[in-house]
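Student: Sequence:
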Amino acid sequence: MARILITSALPYINGIKHLGNLVGSQLPADLYARYMRQRGHEVMFICATDEHGTPAELAAVKTGEEVADYCARMHDVQADLADGFRLSFDHYGRSSSARNHTLTQHLAGKLAENGLIEEVSEKQVYSNADGRFLPDRYIEGTCPNCGYDRARGDQCENCTKLLDPTDLIDPRSAISGSTDLEVRETKHLYLRQSALKDKIDAWIDSQKGWPILTTSIAKKWLHDGDGLQDRGITRDVHWGVPVKKGTEDWPGMEGKVFYVWFDAPIEYIAATAEWADAHGLSESDWERWWRTDKGAEDVRYVQFMGKDNVPFHTLSFPATIMGSGEPWKLVDYIKSFNYLNYDGGQFSTSQGRGVFMDQALDILPSDYWRWWLLSHAPENSDSEFTWENFQASVNKDLADVLGNFVSRVTKFCRSKFTEVVPEGGAFGAQETTLIADLTTRIRAYETHMEAMEIRKAASELRAIWVAGNEYLQSAAPWSTFKTDPEQAAAQVRLALNLIRVYAVLSRPFIPDACDALMAAMHTDDDNWPDDVSAALAALPAGHAFTVPDVTFRKITDDERAEWEGKFAGART
RNA sequence: GGGCCUGUAGCUCAAUUGGUUAGAGCAGAGCGCUCAUAACGCUUUGGUUGGGGGUUCGAGUCCCUCCGGGCCUACCA
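Residues 1 to 572 (our numbering) are what the first sequence spells out, left to right.
Bear in mind the hints are in silico, worked out from the structure with no lab data behind them. Among the hints, erroneous ones may be present.
[Stated by the list, open to error] EDC-like mimics (lysine to aspartate or glutamate), calculated; alpha carbons at most 16 Å apart, straight line:
| hint | residue 1 | residue 2 |
| --- | --- | --- |
| 1 | Lys187 | Asp298 |
| 2 | Lys187 | Glu122 |
| 3 | Lys187 | Asp285 |
| 4 | Lys123 | Asp236 |
The structure presented is a predicted model; accordingly, all values stated were derived computationally and were not measured.
Using the sequences and the hints, build the whole thing.
Tutor: If you want it as structure tokens, here you go:
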């Protein structure tokens, strides 16, 4: 039994996430966590809301709440939706937790002790009307290059030219529109990533088999231009972890907070401590996952994230960990994802474009979404959601191939025998062939799941479902029943057992449906089919079952058309 | 501007890392079956691998170039 630590990139607190966010980190992480638990491994699956930063402050202003209240409310909303999608976190924490404050301040103190923090005085734009410093992209103005009048301080969206806020003509605050801006001197802490460049580079080089998306992004940042740059880890905002050197005040940094990207990954660790607190456990219970001097030496740590998060997880966070000089667990494998597009464009939180988690659950149960999203996960390149494809996949894979298999087997048994696994007959050549075929396929499925090859795993699982229909077609119990009812009984017995095997195998993808199938088969035997032959005898003759309700219904053309129209514009 | 990724059948994707005739699923066509959610099974039609050039005994895979799509570019997160 192995010990596996799994983290999903933290969803930002600012609003409900769309399906692209979901499939880029939380959902595949959940698939992996569920699979590894089922295989008997000890799993710690951690996620949390990422709550700090300017966007959270502005969102709270918009709703008229205190930012802490806003975040607490949105955390609960996101936690409910995560629950709705059956994301099986061991703990869903908050980056604003006391644990994260303490640990973030502690690690910053260690970095300072080790000479890896530098104080830098710099000039930044301050908005008198807003009473705050403005990040570059919160300053708007006319582009000096193309004349576009809504260029941002970091880049012009129109001509894509990179800008400095002082380049803008007629600059104004993107928050209030105020032109009462001034440049002020302010002091910030920088993490001296450049000093750790060679160490990080060697560490990246030593990783084998990471997705090319992961390593190519890391390498680019390490080697582009002058190499890895130092990074500011503090900000002049109010909502965040106050800058402290461990438990001590940090002279000159009063009123400042750590940059959200400094404290967010630390929350992976802090959330595990929150988990221990929530369960009344001790420090050592969470430290054995994270401290290599306290039992984490044999932990395998896997992170899941969208490609936009890769630099922070391959460079900044490892720099924090390594630079602390303390024996924290470093990541062993980073599974990164491209983006899911929506019907010819991007999903967009700010523009309300696409399908959001709450809306998805209003339409259909989570299993339908889980299946489509996971079987189309953007592993190698961006992939695309269309309603037509969604309808076709769900109807064919879930309703016709799997759902109908369950239906035809259970109903046939009920009509020719009773709602009890029938007795008599013996397995012959067809059954031997099926068992051999299933064994090969299940072993392939396991290989893909362990390698986090999600699309391949989904396609193998589907092939396993198809094998059941192929078997029924060739065994044809409806024919053998007329001439040799004993043989038909053996065939039906096998097919009924196949339903249980499918429920066990498919559970990481479609947990609710599998629970329903297990309930219909009146069993809680969820043993993995290591030995297929034995697994197909788990439900013995005489074992009662209930013909289940429709496992997966079809999406009608009318529904598809309705949803296509409903989600064509921006969310209101 | 720079870096990286990507372009394969009508659609969604593979292709053991340079090795035989580029494979699956869906959609389409034909046949079979009648237990089942108008479901299932079998057979089958689709490709100048974005264009052009090169290296090689051999290129979807490597190189050059052009065209298209995307991401990142360090102060959104």
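Student: Of the numbered hints stated previously, which ones are contradicted by the structure, given in increasing order?
Tutor: 1 and 3
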